[in-house]
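Residue numbers (our numbering), protein chains in the order written: chain A, 1 to 94; chain B, 1001 to 1325.
Honestly, the hints are just simulated from the structure, not real lab data.
Since the structure is predicted, the reported quantities are computational estimates derived from the model, not experimental observations.
Possibly wrong hints are sitting among the right ones.
If you want the footprint, here are the derived chain B segments under chain A, 3+ residues with CB under 8 Å [what the hints assert, rightly or not]:
| # | stretch |
| --- | --- |
| 1 | 1027-1035 |
| 2 | 1245-1254 |
| 3 | 1257-1267 |
| 4 | 1307-1313 |
The beta carbon of each residue, even a glycine, is placed where N, CA and C say it ideally should be.
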Amino acid sequence: MKNEWPLWEVFIRGQHGLSHRHVGSLHAPDAEMAIKNARDVYTRRNEGVSIWVVEANHIAASSPSDKGPLYEPSESKVYRHPTFFDIPDEVGAM
Amino acid sequence: MYAQMVKSEASTDDPEKLAAFQARIDAGEKIEPKDWMPAGYRKTLIRQIGQHAHSEIVGQLPEGNWITRAPTLERKAILLAKVQDEAGHGLYLYCAAETLGVSRDELTEMLLDGRMKYSSIFNYPTLNWADMGAVGWLVDGAAILNQVPLQRTSFGPYSRAMIRVCKEESFHARQGFDVIRKMANGTPAQKKMAQDALNRLWFPALMMFGPSDADSVHSTQSMAWKIKMNTNDELRQKFVDQTVPQIEFLGLDLPDAGIKWNEERGHYDYSDPDWDEFFDVIQGNGPCNTDRLAARNKAWQDGQWVRDGLLAHARKTAARKVAAE
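Input sequences plus hints: build the corresponding full structure.
Spelled out as structure tokens, the structure:
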């Protein structure tokens, strides 16, 4: 059996009520150690108030070759942006 | 630098794909791990990021040497935090290298058996407390000059690791300058120690940037790929220009009689380090090469039972959890 510790992806919530954000990865034998290691590696200077760790092989990701089929459909839909609409000045802020 | 003389791999890929790849880099796009990349780009990066990571890890040894002998509790706490940062920098970089398809253990094994290198600077000894100042001030100062432009490198994970590293690195340079400043302004004996540390570490620090551009055979491809951002001599000159006024501020003597302001060039002239010595250290014959590798090998072997034990515990716990469900 391979004896390398699995890879974990680390997500940290900063101080300001933001979402957890991917900050990097590390190796650890289990989730508990992954959180402890993440504390030591990624929050040495008060970078966060909460840590998520996910074993890297549990993450499903889109493939770069799917870029076209996945994102092209939204490129033609400019009306999804609020700036698409003309609001007369006299209406004020909307 | 922390990665010196990284051999650049030629690419034998499809010319059309290569051109499209180069166009992405020229347009300032970041290359991400799952994107297509030339085999040479991948190989060169693994070598460079790996060497950079190894340098961070081996770089803990000369400073770790002085943690228990720091002159005050405050200095000890600061040095401990700095050395801990270096471990973190090594980890960020190993993780960046791993996205290219090499495993952490493979990288470690290549360091331990000498197949991969680390920066020549860490093969010099740290003889006394003044060296802690000189290392932070000069070695980390030199590293910053290399790492700041690498924040813009083309490979996404490397660039992001560099951004994190640079945030922490100025703490390192400043704490070193603070140590050396204290000594330069101390008793005559302390000032002498500061001068001695500067004299000993000056040329090894200049060597960190790698051989002169005339002898730097791997630069062109790496610069086109934006995994090397400046030439060795450009960065070395920048280092000299920024450090000479600091030496003067400290009231220390210049460590090289060849340092003179050159009005015409708008830069300081300086003497070349002894390049024979540099190549000799790279070949494994520096004052501490054997010690450094022995220390890393011992740490790896001594830690084997901990790594195995924690993994066995994790597997047992996972199996029990499955059984209970």
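If you test the structure against every hint from before, which numbers come out violated?
2 and 3
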